[in-house]
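K.L.:
Go ahead and model the full structure; you've got the sequences and the hints to work with.
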Amino acid sequence: MQAGLKLPDVTFRTRVRDEAVGGTNPFRWQDMTTADYFAGKRVILFSLPGAFTPTCSTYQLPGFEKNAETFAALGIDGIYCMSVNDSFVMNKWAEMQGIKTVKVIPDGSGEFTRKVGMLVAKDNLGFGMRSWRYAAVINNGVVEAWFEEPGRCDNHGEDPYGESSPENLLKYLEAKASGIAAE
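Its first residue numbered 1, the sequence shown is counted upward by one per residue in UniProt numbering.
Honestly, the hints are just simulated from the structure, not real lab data. Some clues are possibly wrong.
Stated by the list, open to error - Okay, derived cross-link-like pairs now, BS3-like style, lysine-lysine, Cα gap no bigger than 27 Å in a straight line:
1) K6 x K115
2) K171 x K6
3) K6 x K103
4) K176 x K6
5) K92 x K115
P.N.:
Structure below.
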């Protein structure tokens with residue numbers, strides 16, 4: 001993707017807590033669309049190869065959570081973490097990470113990831129099809145800025161991380177807020 005492009009229209013199958021369901025697992029299915037997440041807001045979207053994986057769990061997700069207030073002060077209305085994982089996995093991962101601000105988006109079938117050109121094979125790790133690591137600033141459903149890790153390809157032997165880091169997005173947003181073009 002590149003700046004100026006509109007996000008694809010996709011419906012995501014999510015599970016949301018609903019005490020009316022009762023029992024020990026009070027969740028129900030709720031379909032959410034691209035518009036539900038991105039219309040009328042300026043948000044950060046970051047995507048990663050898999051919930052519970054080392055880089056994602058140690059640096060990327062906690063880093064965005066830790067900096068949520070700073071992002072908000074720079075004009076960001078929300079932060080979304082996406083992965084080609086189902087809603088059960090994404091919800092449990094967010095719970096186990098103690099995430100309160102970042103919202104998770106399950107792209108279980110990889111439809112959104114495929115439509116933005118970021119679906120790659122990770123068979124070398126036993127993952128199957130997953131997302132290449134990237135982040136973006138999305139303004140009302142349109143890409144404002146895109147941060148993709150270098151070397152995107154199937155079965156990449158490494159997991160590059162830096163371009164899509166919270167620190168890199170902060171640098172971009174701070175430069176934009178001060179009127180300086182980001183590098």
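K.L.:
Taking the hints in turn, state whether each one holds.
P.N.:
Verification of the supplied hints:
{"no.": "1", "hint": "K6 x K115", "result": "holds (11 Å)"}
{"no.": "2", "hint": "K171 x K6", "result": "holds (23 Å)"}
{"no.": "3", "hint": "K6 x K103", "result": "holds (21 Å)"}
{"no.": "4", "hint": "K176 x K6", "result": "holds (21 Å)"}
{"no.": "5", "hint": "K92 x K115", "result": "holds (26 Å)"}
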